[in-house]
Amino acid sequence: MKRHDLLAVGIIAVTVIMSLYFYRMLPEKMVSHWNFNDQPDDSMPKPWALLIAPASSLFVYLLFKLVPRIDPLKANIKKFQQYYETFILIVLFILFYTQSIMILWNLGMRFSVQQAIIPPISLLFFYIGVMLKKSKRNWFIGVRNPWTLSSDSVWDKVNKRGGIIFKLSAIALLLVPFLPGYGFILVIAFPLAGSVYLTAYSYFEYKRQKG
Numbered sequence: 012m013k014r015h016d017l018l019a020v021g022i023i024a025v026t027v028i029m030s031l032y033f034y035r036m037l038p039e040k041m042v043s044h045w046n047f048n049d050q051p052d053d054s055m056p057k058p059w060a061l062l063i064a065p066a067s068s069l070f071v072y073l074l075f076k077l078v079p080r081i082d083p084l085k086a087n088i089k090k091f092q093q094y095y096e097t098f099i100l101i102v103l104f105i106l107f108y109t110q111s112i113m114i115l116w117n118l119g120m121r122f123s124v125q126q127a128i129i130p131p132i133s134l135l136f137f138y139i140g141v142m143l144k145k146s147k148r149n150w151f152i153g154v155r156n157p158w159t160l161s162s163d164s165v166w167d168k169v170n171k172r173g174g175i176i177f178k179l180s181a182i183a184l185l186l187v188p189f190l191p192g193y194g195f196i197l198v199i200a201f202p203l204a205g206s207v208y209l210t211a212y213s214y215f216e217y218k219r220q221k222g
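Residues 12 to 222 in our numbering are what the sequence shown spells out, letter by letter.
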């Protein structure tokens, strides 16, 4: 088993072990969601609350391992495989981290969940930006639309800009705790505007190259 796979399985195992260890200490009804104002707004039975992260981790790991095998352009994924595998580990770590946050809060510790969860999510966004810049044309990972998938050069240019947008989104996300009332704009509207821009840029860049 490769080092990456050992680390991935290790993170999943720790997530499962942690959930089992704290099971008896936790209330039967657990808070499982917080709104933009950092207030609890949803709960679920303990078994389901503790199952979601381990199950999601296993699903994510198996799915992301499958992608390079079934992509018709799998050879291109191998060109940035190291970045892709690191991305998987970051996603698995965030699932473990969010499970830890939920468990600690339901054990009675009180803290700002928003401030606790934003830094790792920002890290994920920033790393996606790094990976996009390194990515090569494929059907699963990157800015994919009819124009990027039809041209290697369009793919490279669009995903390079996509990487910049994700990095800027990561920085914007870090500002959420300091700009109360603007969380929705920074978290939703900024990436959405970026997606619209990248789609338009893909189209016009493809048209420009094809004359």
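If you are wondering where the hints come from, they were derived from the structure by calculation, not from laboratory data.
For every residue, glycine included, the Cβ atom is placed at its ideal position computed from N, Cα and C.
Check each hint, because a few of them may be wrong.
[To be verified] Derived CB-CB ranges, DEER-like:
no., residue 1, residue 2, range
1, 222, 53, 52 to 60 Å
2, 118, 171, 43 to 51 Å
3, 14, 219, 41 to 49 Å
[To be verified] Each computed PhoX-like pair below joins lysine-lysine, with the alpha-carbon atoms no more than 20 Å apart:
no., residue 1, residue 2
4, 57, 144
5, 168, 144
6, 144, 85
7, 89, 221
Tested hints:
no., hint, in the structure
1, 222 - 53: 52 to 60 Å, "holds (53 Å)"
2, 118 - 171: 43 to 51 Å, "holds (44 Å)"
3, 14 - 219: 41 to 49 Å, "holds (43 Å)"
4, 57 - 144, "violated (41 Å)"
5, 168 - 144, "holds (9 Å)"
6, 144 - 85, "holds (17 Å)"
7, 89 - 221, "violated (28 Å)"
Of the numbered hints listed earlier, those contradicted by the structure are 4, 7.
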